[in-house]
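Trainee: Each chain is listed here by its residues.
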Amino acid sequence: MREMLQVLDIQQLTMDFGGLRAIDGVDLEVRQGEIVALIGPNGAGKTTFFNCVTGVYEPTGGRMTVRPPGKNVAVRLNRLKPNIITEHGLARTFQNIRLFQNMTVLENVMVARHCRTRSGILGAIFKNAGNRREEQEIVDFSYGLLEKVGLQMHVNDLARELPYGAQRRLEIARALATEPFLLLLDEPAAGMNPRETSELDALITRIRDDEGVSILLIEHDMKLVMSISQRIYVMDYGRLIAQGTPKEIAENPNVIKAYLGETFDA
Amino acid sequence: MDYFLELFFGGLTRGSIYALIALGYTMVYGIIELINFAHGEIYMIGAFTALIAASALSLLGLNGPALLILAGLIAVIYSAAYGYTIEKVAYKPLRKAQRLSPLISAIGMSIFLQNYVLLAQTSDFLSFPTLVDEFAFMEPVSHIMRSSELLIVATTLVSTVLLTLFIKFSRMGKAMRATAQDKTMAMLLGININRVISVTFIIGSGLAAIGGVLISNHIGQINFYIGFIAGIKAFTAAVLGGIGSVPGAVLGGLILGWTESFATGYVSSDYEDVFAFGLLVFILIFRPAGILGRSTKDKV
Chain P
1 MREMLQVLDI QQLTMDFGGL RAIDGVDLEV RQGEIVALIG PNGAGKTTFF
51 NCVTGVYEPT GGRMTVRPPG KNVAVRLNRL KPNIITEHGL ARTFQNIRLF
101 QNMTVLENVM VARHCRTRSG ILGAIFKNAG NRREEQEIVD FSYGLLEKVG
151 LQMHVNDLAR ELPYGAQRRL EIARALATEP FLLLLDEPAA GMNPRETSEL
201 DALITRIRDD EGVSILLIEH DMKLVMSISQ RIYVMDYGRL IAQGTPKEIA
251 ENPNVIKAYL GETFDA
Chain D
1 MDYFLELFFG GLTRGSIYAL IALGYTMVYG IIELINFAHG EIYMIGAFTA
51 LIAASALSLL GLNGPALLIL AGLIAVIYSA AYGYTIEKVA YKPLRKAQRL
101 SPLISAIGMS IFLQNYVLLA QTSDFLSFPT LVDEFAFMEP VSHIMRSSEL
151 LIVATTLVST VLLTLFIKFS RMGKAMRATA QDKTMAMLLG ININRVISVT
201 FIIGSGLAAI GGVLISNHIG QINFYIGFIA GIKAFTAAVL GGIGSVPGAV
251 LGGLILGWTE SFATGYVSSD YEDVFAFGLL VFILIFRPAG ILGRSTKDKV
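As given, the protein sequences belong to chains P and D, one line each in that order.
Here my numbering is used: position 39 in the first sequence is 39, and no number is missing along the way.
Here my numbering is used: position 130 in the second sequence is 130, and no number is missing along the way.
Everything labelled a hint here was simulated from the structure, so no lab data went into it.
Quick caveat: nothing in here was measured; it's all calculated off a predicted structure.
Straight-line alpha carbon distances no greater than 16 Å define the calculated EDC-like cross-link-like pairs of lysine to aspartate or glutamate that follow:
1. Lys168/D <-> Glu135/P
2. Lys96/D <-> Glu58/P
3. Lys71/P <-> Glu87/P
Sequences and hints are given; from them, build the entire structure.
Mentor: Okay, structure coming up:
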């Protein structure tokens with residue numbers, strides 16, 4: 001197997017809230033074109049981990065680096081603002097859907113193009129040809145993304161009017177609109193029925209294959225995790241307790257213990 | 001009937017000014033959930049800037065309308081710079097503090113600016129020159145509505161329409177709506193929210209300055225205190241219409257303007273404020289979020 005380039009490198013990440021250590025020295029890496037899952041019981045610190053990587057929280061310790069593929073640079077993420085991290089090519093979705101409910105489906109995607117376009121406030125008022133072209137490109141690009149996630153029928157609906165599964169797909173389309181090389185998905189299958197979950201499975205794989213986006217996901221649906229991820233990290237009480245291929249994880253006694261408790265061990 | 005119409009248009013004028021100022025309150029509240037109590041002072045500073053600019057420019061021998069437009073433009077730019085700076089100095093450092101802190105800072109800013117203008121200018125009323133003559137076509141209705149009033153109403157209408165289009169269709173407008181709904185998510189989508197907040201203050205301040213210039217041209221005198229009263233009234237208008245809502249601010253402004261005008265005309269000018277605030281209390285009892293306001297759910 002050829003050596004894959006690292007796109008995300010987290011070393012010894014630590015996050016304290018007052019006296020509570022939510023994340024304790026976690027190491028994690030994602031390589032280009034990989035789908036990596038981060039699993040663990042509720043409260044293990046998975047979402048906190050995402051919040052640190054995307055700049056929502058400022059971690060207490062550790063080193064977070066991204067290496068955008070194609071560019072021979074490494075970017076330290078520590079202390080960067082969320083919008084700057086997004087500009088560097090990270091995007092994420094949330095466990096509880098956070099769409100802009102009062103905006104249309106198309107607007108939700110268009111607004112995420114903000115950081116990839118140039119013209120500012122003056123451009124909005126005095127529209128020259130270049131501006132108009134850029135505006136048209138944003139609309140076309142957004143339409144294209146919505147088609148990819150199967151929402152082309154709903155472009156002018158308000159986001160809050162969409163059915164649940166469609167809202168999740170819109171969130172993914174909106175994240176992709178920032179043109180990330182690494183997409184962080186926080187429980188994308190939460191609340192989905194089995195059919196929606198299998199569609200999601202196909203969608204995530206397609207994003208990886210067609211767009212070349214590497215994926216790190218938090219998920220509780222083990223069937224989904226086992227079927228799409230190349231590697232899995234397991235967290236419990238803020239610590240990494242296991243890592244490996246799906247097969248290794250399924251057989252790891254520590255993982256079984258963390259999920260089922262001592263009494264079921266055997 | 002003429003008396004009624006006079007009161008109607010008087011209320012429309014008053015309401016338009018309230019609306020212009022209320023837009024700034026409501027936009028800032030929509031984005032950062034702060035009542036910018038210094039906003040009334042921006043309106044006052046706009047009026048003073050226009051007076052100074054008009055006095056200086058009149059030396060060049062420009063005619064009235066040209067003076068008004070130029071002085072107005074200078075006032076808008078100058079006031080927008082004030083609004084931008086106030087946000088950077090008094091609110092931005094407190095963005096992560098508890099909600100009471102920026103509010104106190106805003107009140108402090110308001111008192112500071114009032115006293116700054118008091119010291120730099122004077123406590124007396126200064127007369128503002130009449131820059132626009134009565135339009136000839138307004139002659140037949142001049143007993144009902146003056147030209148300076150028409151100017152106020154028309155400018156407010158145009159400003160409101162442009163603002164609405166800006167928020168609805170422009171890229172910055174979309175970013176503003178996104179930021180208002182969910183700041184963290186907006187940042188995660190690459191939106192520079194500091195820039196969005198700055199633009200909000202600049203636009204709101206510019207609108208307030210337009211109001212300040214036009215009302216000075218209409219009434220003909222200004223002093224350092226006009227911003228405080230107008231600010232409180234416009235804030236009332238914003239709350240009445242539903243704070244955070246742009247059409248609500250305009251509607252609230254107009255309703256307040258009419259209430260005051262009719263109360264003054266048919267009851268007594270002593271009761272103007274009683275009716276204005278009585279209406280506020282009455283509406284808030286039945287619609288606590290204001291006429292067009294939505295009761296907001298807590299963000300998770």
